[in-house]
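Protein sequence lines correspond, in order, to chains A and B.
In terms of this note's numbering, the first sequence is residues 8 to 434.
In terms of this note's numbering, the second sequence is residues 8 to 434.
If you're looking for bench data, these hints aren't it; they were derived computationally from the structure.
Only true hints are included.
Cβ-to-Cβ under 8 Å is the rule here; a few derived chain A residues that face chain B:
{"no.": "1", "residue": "47"}
{"no.": "2", "residue": "55"}
{"no.": "3", "residue": "364"}
Computed footprint of chain A on chain B, listed as stretches where at least three residues anywhere in the stretch have a Cβ under 8 Å from a Cβ of chain A:
{"no.": "4", "stretch": "50-60"}
{"no.": "5", "stretch": "205-219"}
{"no.": "6", "stretch": "275-289"}
{"no.": "7", "stretch": "298-309"}
Quick reminder that beta carbons are idealized off the backbone N, C-alpha and C, glycines included.
There are 2 protein chains.
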Amino acid sequence: MASAPTAYVVSQGEELLTGLTLDTNAWFLCRSLTEMGLVVRGVITAGDRLEEIEGALLRATTGADVVVCTGGLGPTTDDLTSEAAARAFGRPLVHDDEAMAQVQARYDAVGRAMAPSNRKQASMPTGAALLVNRQGTAPGFSIDVGQGRLYCLPGVPSEMKSMFAEIVSPDVRAFVAIDPPLRHTFRVMGQGESQLQGLLGDVPERFPGVTLGFRAQMPENHVKLVAEPATPGWDDAVALVRERLGRDCFTEDPTEELAAVIGRLLLARGHTLATAESCTGGWVAHLIVSVPGSSAWFERGWVTYSNRSKREEVGVPAAVLEEHGAVSQETARAMADGARAAAGADWGVSVTGVAGPDGGSPDKPVGTVWVAIAGPTGTRDRQLQLGARDRTMNRRFSTWLALEMLRRQLLRTPVPEAPQPGPETVP
Amino acid sequence: MASAPTAYVVSQGEELLTGLTLDTNAWFLCRSLTEMGLVVRGVITAGDRLEEIEGALLRATTGADVVVCTGGLGPTTDDLTSEAAARAFGRPLVHDDEAMAQVQARYDAVGRAMAPSNRKQASMPTGAALLVNRQGTAPGFSIDVGQGRLYCLPGVPSEMKSMFAEIVSPDVRAFVAIDPPLRHTFRVMGQGESQLQGLLGDVPERFPGVTLGFRAQMPENHVKLVAEPATPGWDDAVALVRERLGRDCFTEDPTEELAAVIGRLLLARGHTLATAESCTGGWVAHLIVSVPGSSAWFERGWVTYSNRSKREEVGVPAAVLEEHGAVSQETARAMADGARAAAGADWGVSVTGVAGPDGGSPDKPVGTVWVAIAGPTGTRDRQLQLGARDRTMNRRFSTWLALEMLRRQLLRTPVPEAPQPGPETVP
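Can you make the complete structure from the sequences, with help from the hints?
Have a look at this one:
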């Protein structure tokens with residue numbers, strides 16, 4: 008890809024250098040620019056010192072076709088990106104009426120008075136083009152430097168991402184000639200990276216020019232194939248990986264989450280779902296409700312955190328809790344059955360476990376988790392031993408593995424010829 | 008901060024620039040170096056091109072006392088850090104017998120034959136000091152450059168972290184005099200960045216040497232004060248900011264989450280909590296359960312997503328749903344009251360709203376959310392108009408603002424002289 012246009016990313020913010028914030032903006036930009044077909048040459052992170060930001064902008068714009076800088080466009084005195092760009096490229100700051108009007112409009116929209124400090128946000132380097140921020144007050148700008156173009160976007164991730172998608176991406180496509188590479192992503196549950204390497208490691212040898220990459224996003228894994236445009240055998244390579252992964256691949260859409268896949272499977276069957284969670288504490292339901300339109304298939308959920316709530320809400324018998332404990336196969340099964348019955352849903356999912364850091368015992372150490380799935384053809388359960396990971400990791404793994412277990416059960420459940428109507432739809 | 012030693016971080020790896028991997032190594036190093044009292048001046052990420060790595064090492068070692076580089080020490084042809092360092096600092100590569108013995112020992116330990124390519128891992132720049140890697144095959148090295156020191160560590164996070172803790176951290180402490188800067192963080196809800204600038208903008212003028220920084224982590228904001236060690240007036244500056252922020256600051260511990268603060272307030276009062284969520288779909292409960300030990304104060308939660316579940320689980324009268332709708336003041340209040348009563352808890356929190364992207368109407372557009380808090384002295388509610396943000400942002404804001412509203416009510420509730428015992432404790 009010798010001819011591919013190049014890019015550089017600059018992240019600005021003291022909180023990145025003190026490690027308070029993980030720089031997911033640079034990650035997003037590297038991924039997005041790469042997917043567009045640019046070759047990212049580097050990332051520089053600068054703090055809140057003017058000369059550092061200026062140096063980073065100068066370095067990044069040397070030889071790159073596209074530079075995207077995030078952060079430092081806010082109203083406060085430690086927001087210095089505009090000034091740094093003005094100094095780096097000899098373009099003094101000027102007040103931009105259109106930018107000012109945009110900042111004012113954002114305040115009007117939320118019914119608040121604009122603070123005097125916001126005036127600063129309308130200052131831009133001479134000759135800069137305004138980039139409208141529809142979600143926040145900080146406008147962005149772009150300037151042409153040499154034969155490249157620098158885009159300065161705000162650091163708030165949601166604002167940055169939507170401005171990148173709506174403005175920067177189409178502008179870059181118009182500005183540089185890109186012949187994007189071939190890419191295919193498989194999202195996988197149930198196989199670790201070294202297992203996937205063993206399963207798929209021969210693919211690049213069999214299809215010269217096709218590269219194989221992995222990304223662990225625990226407990227998911229993403230398998231990525233990449234090749235230059237029009238590489239021979241591309242379709243066969245994709246088909247081979249698809250065949251080898253089988254049901255372990257839950258989607259080939261890189262943006263589709265596991266909960267959304269479950270929604271598709273439920274909708275196709277006209278089925279509904281209820282959840283009863285203990286250690287995951289609502290995380291399963293949260294992922295479900297994050298899917299737009301989930302009211303068509305998600306009925307209700309319980310966070311039965313206390314033993315009393317397990318009895319009262321989903322009917323776990325007191326004797327079961329007494330004899331086997333809250334973290335047990337019997338309790339998990341009773342929770343799933345109870346959730347399904349109480350909600351009048353087709354499926355019930357339950358999770359109960361010892362998330363840690365405390366609460367473990369010799370026979371039920373931290374990381375002991377039970378998942379159960381109650382469905383039209385019965386109830387299945389599975390014990391997880393998640394080891395000595397921390398509370399968040401234990402809860403995360405439990406959440407994802409409960410959803411995955413539900414997906415496997417749904418795949419075994421036939422799709423009716425005429426699906427049932429869903430339940431009442433609420434916003 | 009002229010007297011604090013400075014650091015620079017270099018991350019090496021093509022997978023970082025293509026966005027395949029999120030760079031948590033740089034994050035770890037920034038955090039660790041900052042905690043040790045160094046000021047991190049920047050991070051550079053370089054790919055697998057020799058000249059880029061060489062340039063990054065040269066830039067990073069210019070003026071920094073400590074440089075930590077990760078990645079590029081493996082056996083394959085795209086592992087180029089040793090060669091880049093050799094070229095950057097004019098120290099030709101030499102074979103190191105001790106390094107070779109270490110690589111060999113690792114292979115012996117796992118009972119595998121060493122591949123010829125591993126011989127490369129024993130090549131180091133002339134005059135480098137070997138850094139032993141007890142967990143993997145790639146040895147690290149350090150070299151003195153000018154008045155600073157460069158540490159090159161492998162990119163595998165677990166190996167890098169343990170080598171940093173065991174070798175780099177003590178070596179740095181012996182090598183540079185560290186007098187850590189003064190830092191204080193206030194985590195704030197209820198004030199935007201420009202409001203905070205207006206409220207606190209005069210602090211750096213009143214206390215020369217004290218710098219003021221902000222970080223928007225919507226809907227939270229973090230206010231940070233930083234100064235050189237022993238800056239006069241530091242305590243007064245902290246006290247002034249504390250006084251001005253008042254109850255908008257929910258914690259001065261940078262690592263304490265809002266849900267954990269609520270847990271503290273509930274525990275002090277011997278009170279318990281229940282939740283009933285619609286559009287937030289369990290996110291409130293999920294944040295609560297993410298706090299270790301929350302079983303002492305969190306009783307249970309409902310995700311009453313369907314209208315039927317709002318009636319059946321938390322007793323919202325059918326007439327209320329019919330007359331006012333699921334997203335209404337009346338429904339929110341009935342949900343909070345019902346959750347409190349059904350759980351036998353002291354507090355009930357409810358959220359119901361139109362998260363989007365669909366489901367809005369002229370009188371209840373997307374972003375219309377009602378929150379209610381039922382407590383020992385009555386029930387309060389609040390309507391939010393979150394504007395045209397996306398589903399995730401609407402749900403995120405609703406979740407945080409519900410917790411914040413609960414916190415405000417708790418602050419108005421006196422702490423008893425002898426707190427009640429909490430409920431049964433489950434793992």
